[in-house]
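Student: Protein chains in written order, with the UniProt record's numbering: chain B, 1 to 96; chain H, 1 to 490.
Watch out, some of these pointers could steer you wrong.
To be verified - Simulated crosslink set (DMTMM-like; lysine to aspartate or glutamate; CA at most 25 Å straight-line):
| hint | chain 1 | residue 1 | chain 2 | residue 2 |
| --- | --- | --- | --- | --- |
| 1 | H | 101 | B | 82 |
| 2 | H | 420 | H | 59 |
| 3 | H | 392 | B | 40 |
| 4 | B | 33 | H | 273 |
| 5 | H | 120 | B | 69 |
| 6 | H | 420 | B | 23 |
| 7 | H | 92 | H | 347 |
| 8 | H | 92 | B | 23 |
| 9 | H | 392 | H | 467 |
| 10 | B | 24 | H | 50 |
| 11 | H | 92 | B | 75 |
| 12 | B | 24 | H | 347 |
| 13 | H | 310 | B | 29 |
| 14 | H | 92 | B | 74 |
| 15 | H | 386 | B | 47 |
| 16 | B | 24 | H | 153 |
| 17 | H | 120 | H | 19 |
| 18 | H | 39 | H | 50 |
| 19 | B | 59 | H | 467 |
| 20 | H | 120 | B | 75 |
| 21 | B | 26 | H | 116 |
| 22 | B | 33 | H | 277 |
| 23 | H | 386 | B | 40 |
| 24 | B | 24 | H | 467 |
Said to hold, decoys possible - Chain H stretches covered by chain B per the calculated footprint, using a threshold of three residues with CB under 8 Å from any CB of chain B:
| hint | region |
| --- | --- |
| 25 | 250–263 |
| 26 | 397–403 |
Quick caveat, the hints were computed from the structure, so don't treat them as lab data. Note that CB positions come from ideal geometry on N, CA and C, so glycine has one too.
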Amino acid sequence: MSITIKEVEHIANLSRLAISEEEKGKMADTLGKILHFAQELQELDVENVAPTTHPQPLKNVLREDVSREWLSQEEALSHAPDQENGQFRVPAVMEG
Amino acid sequence: MSLLNASIRELHTKIISKEIKPSELAAASLERIQATDGKIKAFLHIAAEEAMERAKALDEQVHDIRQRSATGDLSHLLFGIPGAIKDNLNTKGLPTTAASKILANYTSAYDATAVDRLNKENYVLVGKTNMDEFAMGSSGENSGYFPTHNPWDLERVPGGSSSGSAAAVSAGQVLFALGSDTGGSIRQPAAYTGVVGLKPTYGLVSRFGLISYASSLDQIGPFTQTVEDAAVVLQAIAGHDPHDSTSANVAVPRYLDALTGDIKGLRIALPSEYFEEGLDPAVRAEVEKAIRVLESLGATVGQVSLPHTKYALAAYYLIAPAEASSNLARFDGVRYGVRTEADTLVEMYKQTRAQGFGEEVKRRIMLGTYALSSGYYDAYYLRAQKTRTLIKQDFDHVFASYDVILSPTAPTTAFKIGAKVEDPVTMYLNDIYTIPVNLAGIPAISVPCGLADGLPVGLQLIGKAFDETTLLRVAHAYETARGAMPRAML
């Protein structure tokens, strides 16, 4: 199983990770090795097996829709790298 | 000899009889850290002032606790006991970084539920422990700050990802520490450093306030010197929490009552797949001695097969990264953490994450993203989830006729720092005996069972879901029969 540099660039973009040329080569190599290792799952017959998404049976957990004390706006914003008027501030969403 | 060289219950007795004060214990812990952590590097943050202030306040409350203790109330056994918390658990007012540079400037806004419950018992938090970044690693070497060293041999790793929590207990810096275990991150470092490490059943301990790695696998548990201490800490942190929708609504038994020493008639399963090629013969020899000890206590032993064991590692390294790629999307430089400035929002995300995450974290995010991406989902992620079903069924079959499963915790003893960093797959093989347990969501404990070439070996006992009582009973009976283990010499 090998991963091309083009695939690495595509996955890095989906992962929202900037990646250097040097990292691309190394990542292609190590991801390829791990996926090669994962190939052994292909030999299993899982045709009639249901997937397990969770170790314990899960049910919807409901509660009354009532407000309670939690972080204040000030506390919630206290770690923001940038903020303005009680809101998180980010760079331009659109280019240009 | 340090004041800390005692069990939690022994120290509790001394505290309520006013033989020692909480402040003296906190001072002893901080002194031990001061003397040894330059070499071990178990801590990312030492909360010396806060710990002393807290402990001195507790000095004034001993009388109340003494009265409660006299009525048989065991809910304050951790009163005044110094403990440490893995740095992926939120601790209000203290740094929480998950050993990542992306959270270098982060201070917790609230307490994780497990931490909150320890606070209610009035333990004394002395610091936050080092770890593999975001709990991704098996050696502690993936910390974004510095590696932790094994107290038994400073040139060796302490295991991971809960590297600092294991090392801190092993070096006698604290009585107990909390860790998290996604694929073996409590049990494997416990084995490598000669301490007890317990991964509870998925859902027994609330994950609220734990920085998520793989949400269907993560579980919080204790590191301690003894099985009894593990029972005490588990008692404090176990139980339903409305803040975690995956928290199980089950009654929590009194774990200390389980430590009867009686395991006559207990049925122990030995899975042949856990004793095959790859297991260090010196580790095998110590585990086999432990089996004979258990037989001498009246347990019966049978050979079984867990036929899908060989597929667990591959399934894990698709499922865990897939969940991680989603969980770690929140670290984007918007609400908290470090931001790398850029002209556009998407470029800011990409630069922030490229600068903030270490190599292994990036690798797992990308691996998970790939496994979930269009065209590969069925071949990788869905197939891994189906494999998970087969692994779970393997355990169900064995537990129909056995009480516990016994194995080594890890195939080798602690390896040299730097020995495996270049090859991720070789590093992943360390977790071959611990990973199936997380996939099945069942509990397991690692107990020291001897030394191989002077390094600790861990015995793993795996139990049925929510049957920590049996695990603790067997582990305690074994530990008592085994006798005292040597401590790391520092």
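Student: Is the Cα-Cα distance between residue 92/H and residue 75/B 25 Å or less?
Tutor: 12 Å, holds
Student: Between the alpha carbons of residue 92/H and residue 347/H, is the straight-line distance 25 Å or under?
Tutor: Status violated; Cα separation ~32 Å.
Student: Mind checking the alpha carbons of residue 24/B and residue 50/H for me, to see if they're no more than 25 Å apart?
Tutor: 45 Å, violated
Student: Would you mind confirming whether the straight-line C-alpha gap from residue 26/B to residue 116/H stays at or under 25 Å?
Tutor: 42 Å, violated
Student: Please verify whether residue 24/B and residue 467/H have alpha carbons no more than 25 Å apart.
Tutor: Status violated; Cα separation ~46 Å.
Student: Can you tell me if the region 397–403 of chain H counts as covered by chain B, using C-beta to C-beta distances under 8 Å and a minimum of three residues?
Tutor: Coverage by chain B is violated here, the residue count being 0 at a Cβ distance below 8 Å.
Student: Run the distance test for residue 33/B versus residue 277/H: straight-line Cα separation, threshold 25 Å.
Tutor: Holds, at about 21 Å.
Student: Keeping to a limit of 25 Å between CA atoms, is the pair of residue 92/H and residue 23/B held or broken?
Tutor: 37 Å, violated
Student: What's the verdict on residue 120/H and residue 69/B, does the C-alpha distance respect the 25 Å limit or exceed it?
Tutor: Given that 25 Å is the threshold and the Cα spacing comes to 19 Å, the pair holds.
Student: Is the hinted pair residue 24/B and residue 347/H satisfied, with a Cα-Cα distance of at most 25 Å?
Tutor: 18 Å, holds
Student: Below or equal to 25 Å on CA atoms is what counts here, so check residue 310/H against residue 29/B.
Tutor: 23 Å, holds
Student: Is the straight-line distance between the alpha-carbon of residue 420/H and that of residue 23/B 25 Å or less?
Tutor: 19 Å, holds
In this structure, the earlier hints numbered 2, 7, 8, 10, 16, 21, 24, 25 and 26 are contradicted, and the remaining ones agree with it.
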